[in-house]
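Trainee: Listed here are the chains, written in short residue letters.
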Amino acid sequence: MTKLTVTELMEIMRECAGEGEGVAAAGDGLPDTTFELLGYDSLALLETAARIERDYGVRLDDDQVTESETPRELLSLVNGAVTEVA
Amino acid sequence: MTAATVVTGIGVMAPTGMDAGRHWAATVRGDAAIGPITRFDPEPYSSRLAGEIAGFEPGDHLPSRLLPQTDHMTRLALVAADEALADAGVEPSELPEYAVGVVTASTAGGFEFGHRELEKLWSKGPEHVSAYQSFAWFYAVNTGQISIRHGLRGPSGVLVTEQAGGLDSLAQARRQVRGGIPFMIGGGVDGSPCPWGWVAQQSTGRVSTEQEPDRAYRPFHAGATGHVPGEGGALFVLESADGARARGARTVYGEISGYAATFDPPPGTDRPPTLRRAAELALADAGVTAREVDVVFADAAGVPELDAIEADALRALFGPSGVPVTAPKTMTGRLGAGGAALDLATALLAIRHGVIPPTVNVPRPAPEYELDLVSAPRRARLSVALVLARGHGGFNAAMVVRGPR
Chain V
15 MTKLTVTELM
25 EIMRECAGEG
35 EGVAAAGDGL
45 PDTTFELLGY
55 DSLALLETAA
65 RIERDYGVRL
75 DDDQVTESET
85 PRELLSLVNG
95 AVTEVA
Chain P
95 MTAATVVTGI
105 GVMAPTGMDA
115 GRHWAATVRG
125 DAAIGPITRF
135 DPEPYSSRLA
145 GEIAGFEPGD
155 HLPSRLLPQT
165 DHMTRLALVA
175 ADEALADAGV
185 EPSELPEYAV
195 GVVTASTAGG
205 FEFGHRELEK
215 LWSKGPEHVS
225 AYQSFAWFYA
235 VNTGQISIRH
245 GLRGPSGVLV
255 TEQAGGLDSL
265 AQARRQVRGG
275 IPFMIGGGVD
285 GSPCPWGWVA
295 QQSTGRVSTE
305 QEPDRAYRPF
315 HAGATGHVPG
325 EGGALFVLES
335 ADGARARGAR
345 TVYGEISGYA
355 ATFDPPPGTD
365 RPPTLRRAAE
375 LALADAGVTA
385 REVDVVFADA
395 AGVPELDAIE
405 ADALRALFGP
415 SGVPVTAPKT
425 MTGRLGAGGA
435 ALDLATALLA
445 IRHGVIPPTV
455 NVPRPAPEYE
465 LDLVSAPRRA
475 RLSVALVLAR
485 GHGGFNAAMV
495 VRGPR
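First to last, the protein sequences are chains V and P. Using our numbering, the first residue of the first sequence is number 15, and each one after it goes up by one. Using our numbering, the first residue of the second sequence is number 95, and each one after it goes up by one.
In short, the hints are calculated from the structure, not lab data. Relax, there's no trap hidden among the hints.
Distance condition first, Cα-Cα at most 20 Å in a straight line; then the derived SDA-like pairs of lysine to any residue: (1) P:K218 to V:L60; (2) P:K218 to V:R65; (3) P:K218 to V:Y70; (4) P:K214 to V:L57; (5) P:K214 to V:E67; (6) P:K218 to V:E67.
One chain only, chain P, in its complex shape:
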């Protein structure tokens, strides 16, 4: 049997709160953070709502050297990584050179930075483009900046699988821990709050054009009209259960006990989508049966066709209304590669506090889905949570976490 990999540090930057504690408090209250876009003028666009992180002052958290060279989402990621390391009580400078690695997920890299520099290129000329554009836009930039800031020289990388990335990166981090790396940072923080990023997201046809914040993102609702994009995510410190015990880790939030990823068949084939298969494989990897799962954090696309696929998978695995299902991302919007990472943080906090946080704005799911959708905070003894994520283009990921034993 492979030794358990546990989470001992959580860092959150989310519309619901700029650390894990505040995020959890707002999430349990059902305090949604979706509103009109403020980071650029949304007037010319058909979708005008987002889950933004309000009141983030990068200079309060980061040295001035990092500001000219970082995109907004990289700054968020650096702050989340600081929190995760501090929470875990891990100080990389006191550890051997290759003891800590970092794997993050990204959907688009530093889009806002790239937008600004391309605007300079076309309006003023190449001599006005920042030298930092060379890496600030890049998918792997959060991994790079986190590793430089903390001197992390262990194995590093980036996963680009859209919304599934938050889980895929944690799975890669778990692989490295199993391979003997003492500590890994994993997860994702994402967001491209700029016109360029916005039109790119709108081109998927999955972004809601509804203008009322409480009607714009209602997964599993009969009137679902797509989703609202948001910014943020979560990063984690992973280590082996034995290592955590040996060093007397302050908090063990839980074990990453199962994971699987699948890829959907191309459109137009008669083969079924593979989200259900990902969930089955993740449960098998964890060695748990469907009956042992206490709560599911749904991908919750908010697009009727995709909601139906997820509801079918859940019904097939758990039976009609067979497991509590929740989608706290209804409070933040879908955070790209940060979304499933934030769900994983929320799942671990839910297990810790014994409360299933609510899905907001969906008082009753469409009856044909036969879902036990949690629409008000529900006290429950939680041990095992399943987190599902789908990335645009066919990616599916499922992760099982188990509370500390």
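The shape of chain V in the complex, shown without the other chains:
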């Protein structure tokens, strides 16, 4: 199974939780910008995780999801799970 990219993750977040007010300003540093600065709270992360679980057929631990502080950390969690499924 293909791994999720930052671009795909941010697109899913936009669909699930809207455009975070800090996303446009993050530029190249986006993967390591905290969700808080990007404008996403824990519910936005849970909503995003639920969509990823459905679309990618993976299971994600809610606590680990909400402990992810940046897109890179969340991607690492998701892609680790994707690898397990594969």
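Following the hints, complete the assembly by docking chain P onto the known chain V.
Mentor: Below, chain P without anything else, positioned relative to chain V:
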């Protein structure tokens, strides 16, 4: 004497208009906004008319972050709150942290959102239910979203007293202003335009099954057949008269000068209903006599038994045809917790413009009610208005507003 609490900002989202100015213009014209339901297929239901807000595009008013997490009525409330704050010239970010609170009223919370998520739960499974369901359905959600959007950390809450809530929330806001909170947002915006909300409302037996928009909601008419539900309401900025004067508030619409709430005895007792008592207590609280009241905005249930109770109360207080009575909600339907709030906005605008807006579709009330029901816009010098509201289940509220002195 307790210092006066005044209204310095009004925000309206109503079938008659998406801001206070447009609402007032349509209301004075008698331009009714009741029509066939468009937000879901009404065909399977015995009642098929509603007062809907046409042409509302939430994305034009709100950031995309708020859209996945908000019910329709919350979006309407957020826009109304924006308007009320802008109208008052109040920018919460420039004020101390606890300077602004918010109290709204709700009847059912975010019903349409909840309907959609429950449908997903039963048809697709729990993993398809939105995380935002955790709060988007909740009665207090409008208060919460308004307070988050504007960073309001003053005292907050929600009143759940069906149609009476629009007034009850303003009374609570007034209490907080009297207690020293510089600014309060109060009022209600409501609506549950979904099949789930619709069957819940129909279960009261008070929703008209009449299919003609101009015959479906005719309070005080001999042929009254119930009411038409609608969506929307109004929110207000309240502050002390002294505070408004000190900061040079642009507009003082009027004073919330009296309020009372009562609860009806249970069905089957021989004690009388308490709407009249609520009105008497509100007048006493305002320190005005019945003779000083220039206009009454009626609850206008549209159910003969309830119309008779209200007519009796008005006759007892004011004498036969003793005061002009109007029900502009005949143009919007009954808006749940938003209804009486919208009436209060209309009352303040009526005082400001010196015009009593009409009750539509009721050219002549049933003669036994002995009402001076205003059926065409009437110019009048208005100073004091009484707004009445009854919530399903026994709630009564009455509020007296007085124009700026």
